[in-house]
Amino acid sequence: MTASTYKPPDYYLMDELLSDEHKMIRSSVRDWVNREVKPIIEEASQLNEPPTHLMETMGENGIFGPFIPEKYGGAGLDYISYGLIMQELERGDSAIRSAASVQSSLVMFPIYIFGSDAQKAQFLPRLAKGELTGCFGLTEPNHGSDPGNMITRIREKGDHFILDGAKLWITNSSIADIAMVWAKDEKGVVRGLIVEKGMEGFSAPETHDKWSLRASVTGELVFDGVKIPRKNLLPKAKGLRSPLMCLNSARYGIAWGVIGAASECYDTALRYSLQRKQFDRFIGSFQLQQKKLAEMLTEITKAQLLVWRLGELKNQGKETAQMVSMAKRNNVKMALDIAREARQIIGAMGITSNYPVMRHMMNLESVITYEGTHDIHLLITGHDITGIQAFK
Amino acid sequence: MSFKIVVLAKQVPDTRNVGKDAMKADGTVNRGALPAIFNPEDLQALEQALMVKDQVEDAEIIILTMGPPRAVEIIREALYRGATSGYLITDRKFAGSDTLATSYTLALAVKKIQPHLVIAGRQAIDGDTAQVGPQIAQKLGIPQVTYTEQILDVNLDELKIRRRLERGVEVVKCKTPLLITVHSSAAECRPRNAKLLMKYKHARSVSELQEESKDYTEMMTNKPYLRLEEWSVADLGADEEALGLSGSPTKVKKIENVVLAKKESVNLTTEDKDIDYLMKELIDSHVIG
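Protein sequence lines, in the order shown, are assigned to chains U and Z. Just so we're aligned: the first sequence equals residues 1 to 392 in the numbering used here. Just so we're aligned: the second sequence equals residues 1 to 289 in the numbering used here.
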């Protein structure tokens, strides 16, 4: 499938809910993806060679920190625009969207919200331009869904802190210039620190052998008595709530992003079903294939409505973390199911890189687990409606 | 000193997507029925300018477009992709200009700017004449390099350019100032940049500001780059006899949709007699042999 033939599904005329500005932003990122991502992404995934050069071009094109004010190098856009950017990036590949999610929501966002003026001025413009790449360290080898029990620690020593511990499943770990790391202080309070590449005792080995997000760098962060200057501590981040706010912003982007992956799978399967003949008929004429396609479009349409409303609420500052959980959980599962069904429609060809479907499907297996697993998000909703926490 | 580049761009009806109502009963183009777009080769011309700007420190890209007030959309589109500024040449007196009158007008505008380099698309899809670029160079008395595929090297004094010709390529060097026209085989233009979109979304021409209900005064004072200037006949100091209908010797009689008749094509099979026929045709027309 060539990029130019892609027709995004819009069954409920959602475009009427978007401003001209939204549509222009979307088309700019869609064009960027067609030009920079589509031609290289299958090979990058097959060879497990992440296209890290895209970080800088994404920065040049205003893709990072869209909601950060222009003063700090962001684009000063609303949250629907942020969502649309993520949707178009993930139509390209979840790995590209992941890199942008991390940079925007997990690195720029905490510096902007919890950082000092000096930290904002030092890091935000360069992160926005893609001159600096950031990563985010919360998850640990033994603490995934349960980050509150993290063991990474900082202790005060004179004019600096000493950081010890390790983080795992970190997107962009080995290519990052700075790591936004979450660690407990001596009182057991979670604090945020900016750890810079090259600091003594800090290493970031890469994780290999992935079957998913193969166009993305994943790895560890290891801290062995790393000396962190006091100026690298985020003054306003105190408690687990701070990193969870970052994740919330990222999850919001994921809820939009996966619609891009799902739309491309649907569009590819629909096209294929109207070209492929078996028993002298297009396979799209068979009831079982139509059922798959009709259900895909229904689910995409529902997902679009969900994130559009969530975006409106977020623009008004009325969204809750629980609302974001619902959208992340629903939409990622929707996209994964659609990728699997689309793969079936395309048959054996669906397992090859002639079609983008299997790549999306494998990527989405990560997306359904990271940034709060599918099950944990369900329990967040359960907790919200019953008032009873079921996961601890 | 900054390296000044003028890009000549035209807003054209999208003749690539012609529907059944594309032509009026009298044979003229029904502009209302066709979406107005950035002429494709002009967009490629803009990309060549942007590539120069990527390489040369302190380069400036100025868009010149001539047309009705709505043609200012072309300038905004170029700003979204990285142009520095633009001027809209608009005046009722320009209406009906053919290539001679258009090149006269554009040459006056280029003279006002005094650029090192003028880049235009080879031709516009509504007229396909490919005359305006070369005529401007002639009127300005500067060299021209047509059919540019890529600018290979650039400095303040000289450009090295690859031209795409019918049977190959040619690499030429040319002193500045010069005018080049860009061929469709050149690189596609880069997409709009989200940040520039935000920066220039309120850019308005003087005519647009008069129509706007919203008060733009404060914004235009704080961000003067949002004001897109218009040049009229008076601003250019043009001779009214040389422009518009009176300056245009070309008279369009009729526009027709060309439908290739069956008799102009031949179906060939792999049989020997058909291959012999094809060989004979190719030799007769000097394609081979």
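It should be emphasised that the hints constitute simulated quantities derived from the structure, not laboratory data. One or more of the hints may lead you astray.
[Said to hold, decoys possible] To give an idea of the chain U side of the interface with chain Z (calculated C-beta under 10 angstroms), a few residues: (1) Arg35; (2) Pro39; (3) Gly76; (4) Glu131; (5) Leu378.
[Claimed, not checked] Keeping only pairs whose Cα atoms sit at most 27 angstroms apart, straight-line, the calculated DSS-like set for lysine-lysine is: (6) U:Lys71 to Z:Lys112; (7) U:Lys129 to Z:Lys4; (8) U:Lys71 to U:Lys157; (9) U:Lys129 to Z:Lys112; (10) U:Lys236 to U:Lys184; (11) U:Lys291 to U:Lys236; (12) U:Lys38 to Z:Lys53; (13) Z:Lys112 to U:Lys23; (14) U:Lys23 to Z:Lys139; (15) Z:Lys112 to U:Lys7; (16) U:Lys129 to U:Lys7; (17) U:Lys197 to U:Lys227; (18) U:Lys38 to U:Lys71; (19) U:Lys23 to Z:Lys4; (20) Z:Lys199 to U:Lys129; (21) U:Lys71 to Z:Lys139; (22) Z:Lys139 to Z:Lys112.
[Claimed, not checked] Label pairs and their in silico Cβ distance ranges: (23) U:Gly76 to Z:Gln210: 34 to 44 angstroms; (24) Z:Glu271 to U:Gln275: 39 to 49 angstroms; (25) U:Thr301 to Z:Ile288: 18 to 28 angstroms; (26) Z:Ser265 to U:Ser27: 23 to 33 angstroms; (27) U:Ile351 to Z:Met51: 57 to 67 angstroms; (28) Z:Pro249 to U:Leu13: 25 to 35 angstroms; (29) Z:Ser285 to U:Thr301: 55 to 65 angstroms.
Remember, predicted model here, so these are calculated numbers, not experimental data. Idealized CB from N, CA, C, for every residue including glycine.
Hint check:
This hint holds: Arg35 (chain U) has a C-beta 6 angstroms from the nearest C-beta of chain Z, less than the 10 angstroms allowed. Interface hint status for Pro39 (chain U): violated, as the beta-carbon distance to the closest one in chain Z is roughly 12 angstroms, over 10 angstroms. Evaluation of the Gly76 (chain U) hint against chain Z yields a held restraint, the C-beta minimum of about 6 angstroms falling below 10 angstroms. Interface restraint check: Glu131 (chain U) against chain Z, minimum CB-CB distance 14 angstroms, threshold 10 angstroms, status violated.
Violation of the interface hint for Leu378 (chain U) is found here, the shortest Cβ-Cβ separation to chain Z being roughly 34 angstroms, above the 10 angstroms cut-off. The straight-line distance between the Cα atoms of Lys71 (chain U) and Lys112 (chain Z) is roughly 35 angstroms, outside the 27 angstroms bound, and the hint therefore fails. Annotation: proposed proximity of Lys129 (chain U) to Lys4 (chain Z) holds, straight-line Cα distance about 26 angstroms (limit 27 angstroms). As the CA atoms of Lys71 (chain U) and Lys157 (chain U) are separated by approximately 35 angstroms, the hinted pair breaks the 27 angstroms bound.
For the proposed pair Lys129 (chain U) and Lys112 (chain Z), the alpha carbon gap of about 35 angstroms is over 27 angstroms, so the pair is violated. Proposed proximity of Lys236 (chain U) and Lys184 (chain U) is supported: the alpha carbons are some 14 angstroms apart, at most 27 angstroms. The suggested pairing of Lys291 (chain U) with Lys236 (chain U) is violated, with an alpha-carbon distance near 52 angstroms, which exceeds 27 angstroms. A C-alpha spacing of about 26 angstroms is found between Lys38 (chain U) and Lys53 (chain Z), which places the hinted pair at or below 27 angstroms, so the restraint holds.
Restraint check for Lys112 (chain Z) and Lys23 (chain U): the C-alpha separation of about 36 angstroms exceeds 27 angstroms, so the hint is violated. Among the hinted pairs, Lys23 (chain U) with Lys139 (chain Z) is inconsistent with the structure: their alpha-carbon atoms are about 42 angstroms apart, more than 27 angstroms. Annotation: proposed proximity of Lys112 (chain Z) to Lys7 (chain U) is violated, straight-line Cα distance about 45 angstroms (limit 27 angstroms). Pair hint Lys129 (chain U) plus Lys7 (chain U) does not hold up; C-alpha atoms about 30 angstroms apart against a cutoff of 27 angstroms.
With a C-alpha separation of about 12 angstroms, the suggested pairing of Lys197 (chain U) with Lys227 (chain U) holds against the 27 angstroms cut-off. A threshold of 27 angstroms between alpha carbons decides the hint, and for Lys38 (chain U) with Lys71 (chain U) the separation of about 32 angstroms lies outside it, so the pair is violated. Between Lys23 (chain U) and Lys4 (chain Z) the alpha-carbon distance is near 32 angstroms, which puts this suggested pair outside the 27 angstroms criterion. Of the supplied pair hints, the one linking Lys199 (chain Z) and Lys129 (chain U) holds, its CA atoms being roughly 15 angstroms apart against a limit of 27 angstroms.
At roughly 46 angstroms between alpha-carbon atoms, Lys71 (chain U) and Lys139 (chain Z) are farther apart than 27 angstroms, so this suggested pair is violated. A C-alpha spacing of about 14 angstroms is found between Lys139 (chain Z) and Lys112 (chain Z), which places the hinted pair at or below 27 angstroms, so the restraint holds. In this structure, Gly76 (chain U) and Gln210 (chain Z) break the distance hint of 34 to 44 angstroms, their C-beta atoms being roughly 28 angstroms apart. Here the CB-CB span from Glu271 (chain Z) to Gln275 (chain U) is close to 31 angstroms, at odds with the stated 39 to 49 angstroms.
In this structure the hint that Thr301 (chain U) and Ile288 (chain Z) lie 18 to 28 angstroms apart at CB is violated, the actual value being about 57 angstroms. Between Ser265 (chain Z) and Ser27 (chain U) the beta carbon distance is about 38 angstroms. The supplied range of 23 to 33 angstroms is therefore violated. Roughly 40 angstroms separates the CB atoms of Ile351 (chain U) and Met51 (chain Z), a value that falls outside the hinted 57 to 67 angstroms. About 50 angstroms separates the C-beta atoms of Pro249 (chain Z) and Leu13 (chain U), a value inconsistent with the hinted range of 25 to 35 angstroms.
Distance hint check for Ser285 (chain Z) and Thr301 (chain U): the Cβ-Cβ separation is about 56 angstroms, which falls inside the suggested range of 55 to 65 angstroms.
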